[in-house]
Amino acid sequence: KQEVTQIPAALSVPEGENLVLNCSFTDSAIYNLQWFRQDPGKGLTSLLLIQSSQREQTSGRLNASLDKSSGRSTLYIAASQPGDSATYLCAVGGTGGGADGLTFGKGTHLIIQP
Amino acid sequence: NAGVMQNPRHLVRRRGQEARLRCSPMKGHSHVYWYRQLPEEGLKFMVYLQKENIIDESGMPKERFSAEFPKEGPSILRIQQVVRGDSAAYFCASSSTPRETQYFGPGTRLLVL
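Chains as they are written, first to last, in the numbering used here: chain A, 90 to 203; chain B, 948 to 1060.
Simulated from the structure, these hints should not be mistaken for lab results. From the three backbone atoms N, C-alpha and C, an ideal C-beta is built for every residue, glycine too. Do not rely on the hints blindly, as some may be mistaken.
In silico contact screen, one side only, chain B against chain A (beta carbon under 10 Å); selected entries [stated by the list, open to error]:
#, residue
1, PRO986
2, VAL994
3, SER1005
4, PRO1008
5, GLY1020
6, GLU1047
7, THR1048
8, PHE1051
9, PRO1053
10, GLY1054
11, LEU1058
Keeping only pairs whose Cα atoms sit at most 20 Å apart, straight-line, the calculated EDC-like set for lysine to aspartate or glutamate is [unchecked claim]:
#, chain 1, residue 1, chain 2, residue 2
12, A, LYS90, B, GLU988
13, A, LYS90, B, GLU1004
14, B, LYS991, A, GLU104
15, A, LYS131, B, GLU988
16, B, LYS991, A, ASP116
17, B, LYS998, B, GLU1015
18, B, LYS991, A, GLU92
19, A, LYS195, B, GLU1015
20, B, LYS991, A, ASP173
21, A, LYS195, B, GLU987
22, A, LYS131, B, GLU987
In isolation and in its complexed conformation, chain A is listed as follows (with noise of 0.2 Å):
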């Protein structure tokens, strides 16, 4: 059974730090790894979606790798603004979450400080 954990749960962090956020993911026969934000009682915002072929996608000030075999994927925000507070979400499509549903992690909470 798939299991996707996202480190850390909770970021509080100064205006214009960069940060990476981790997500790992315990079967790598994964086709793709998605990254969303979730804001208070919204929907899911995609951000970046990554192929399993693929190494890395950049979108912005957003910048995705991923490593399957190792089950590993990370999510690099450069020059954080107070309006990237959100939760942030990795998921992965494969096995575990059904054939084509996705497996989410928990998230992690990220408070940008102005």
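Please build the complex by placing chain B on the supplied structure of chain A, with the hints as guidance.
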């Protein structure tokens, strides 16, 4: 280009009643996924549907829950005889093809009294 739409956004039911949650996928998307987020827990996959077909329902509770995605109209997640443990946020997502980016709706927050 409207995103994934879900209604109602909030739903209150008494124990034993039925709850119907609706999801309209993004335009051009024929793949729909339902997830549930229980308080203090992560999102859990429930069911994956294409038009008129249930592809994977491995995450659906065996009783009281059903889902459909008819040829015309939104996808429906139906919960019969709701219990307090069904109180959660239910999210719908859609994609253009399997295994591509899933786009999520704002969710329906169900409260069972």
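Which numbered hints turn out to be false for this structure? 1, 4, 5, 11, 14, 19 and 20
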